[in-house]
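Enquirer: First to last, the protein sequences are chains A and B. Numbering-wise, the first sequence is residues 1186 to 1322 according to the numbering used here. Numbering-wise, the second sequence is residues 8 to 298 according to the numbering used here.
Derived from the structure by calculation, the hints contain no laboratory data. On a predicted model such as this, the values are computed, not experimentally measured, just so you know. One or more hints might be untrue.
As the list claims (entries may be wrong) - Per label pair, the in silico range of CB-to-CB distance:
id, chain 1, residue 1, chain 2, residue 2, range
1, B, T188, A, T1258, 45 to 53 Å
2, A, E1282, B, T207, 21 to 29 Å
3, A, L1263, B, I159, 52 to 60 Å
Stated by the list, open to error - Derived, one-sided and incomplete: chain A residues facing chain B with beta-carbon distance under 7 Å:
id, residue
4, V1249
5, A1277
6, T1292
7, A1293
8, L1294
Beta carbons: idealized from backbone N, C-alpha and C, even for Gly.
This is what each chain is made of:
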Amino acid sequence: MTDSRPMDVPIIRLGDVLVTGLINELDDKAATAFAEELTERIAAERAKGVLIDISRLEIIDSFVARTLTELSTMARLLGARVIVAGMRPPVAITLAELGLQLAGVETALNAEQGMVALGWRHAPRPPEGGNRRETLG
Amino acid sequence: MNASEAAVRDRLTRALRERGDEIADRWVQLQRERAAIDIGEGELREEADSLIVLLGGALNNSEHGMESVVDAHHDLRDAVMELSLRRERSGANPTATSLAILALKDAVLEAVQRDNLDPREMFPAALMINRLLDEAAALSFSAYVERREEIIQRQSRQLLEMSTPVVHLWRQILAVPLIGTLDTARTQVVMENLLQSIQTHEARVAIIDITGVPTVDTAVAQHLMQTVNAVRLMGADCFISGVRPSIAQTIAQLGIDLSTILTRATLADALAAAVEMTGQESPTAGAPTNR
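Start from the sequences, fold in the hints, and give me the full structure.
Expert: This is the structure in structure tokens:
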């Protein structure tokens, strides 16, 4: 309980969207701390959307699944929409086989599509070919 | 091992060594009489010679008790399995192979008898030969079964790989035409292939076409639901197409709840719906297309 250090997971604000990601397996304490910080940030920054990238997670057990469900319920109560992005195929298979459907949690294929779903647009792409170099340089 | 058993063992070893040729001749003859075996006499003879030498060696080695002579001697064990597999390849059924090995009993017993054995010694000798060759015959049978098992597994693996292609049907749309019944193993393979393709193609809709699935019972429905859930967890949507009227009836009668799953009657309908779905969400969707 003495560990009052903030989570090692950064939460970044992009406009009205908070972007964060889970990297290691969450334990009880870390999950609580993460939920606390995230909800506070949502309230403080009036975020309308939260993107949680889980493409680095290789294992999701029932505890993490429940945490994700709870997080999206909490966020919804605060008026923000949560999108869980980038679940790996083996993880999805395991969850489906365990019958953990993450009910009420929105998913996206990757962070980019998650951002699109939260209302972000692709920046217009530089045309391919000749003047591409100029644009980059 | 008690003394008399050792003596009998010794006696048998000697008989196998000294009368090996005789035994081999008789065995080949018996095999040709009893079991319809389609192997040349020369090859049979060669096989018999080496097996008899190995048997003699195994009996001579008194380290191991009589319980598992064949099992304990790897060269003998390999020889018996090799024999069984050779016969399997030449088309002999396992009964013929076992009978052929059991015929060696007669050959050995006859040879031992010719040594003018004391009748009191004859009985334990017969018992020992019985135990030894019964074990060998059982091993030949299990080698045959193992071989067949291996073939069956390889074939079902091939079938599994063959029968679950993932087709890139349209931009951001994948389809899996399922053919045959869905069991747990196939569901697993379908899911793995489909999810992997969703990731590589960044697909947003997957269509599972069940036109080729003969019946949908609760187990199949369960597997379909699992696949759909896994696809959703990946952040893509999933259609099930090819629901034939009879299947729709069965599903309704069985009371399977597929209400959370998007279904269409044909793959074409599902494709149209999927295109519409991706079109609606794409930033370029302005005016509705005329169709």
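Enquirer: Give a verdict on every hint.
Expert: Structure-based check of all given hints:
The hinted range of 45 to 53 Å is not satisfied by T188/B and T1258/A, whose Cβ atoms lie roughly 39 Å apart. Roughly 22 Å separates the CB atoms of E1282/A and T207/B, a value that falls within the hinted 21 to 29 Å. A hinted range of 52 to 60 Å for the beta carbons of L1263/A and I159/B is consistent with their spacing of about 58 Å. At about 13 Å, the closest approach between the beta carbon of V1249/A and any beta carbon in chain B exceeds 7 Å, and the interface hint on this residue is violated.
The interface hint given for A1277/A holds, since its Cβ lies 4 Å from the closest Cβ of chain B, which is under the 7 Å cut-off. Contact between T1292/A and chain B, as hinted, is supported at the beta carbon level, the nearest pair being about 4 Å apart and thus within 7 Å. With 7 Å as the threshold, the beta carbon of A1293/A comes within range of chain B, its nearest partner Cβ sitting at about 4 Å, so the hint holds. Taking 7 Å as the C-beta contact cut-off toward chain B, the hint placing L1294/A at the interface holds, the least distance being around 4 Å.
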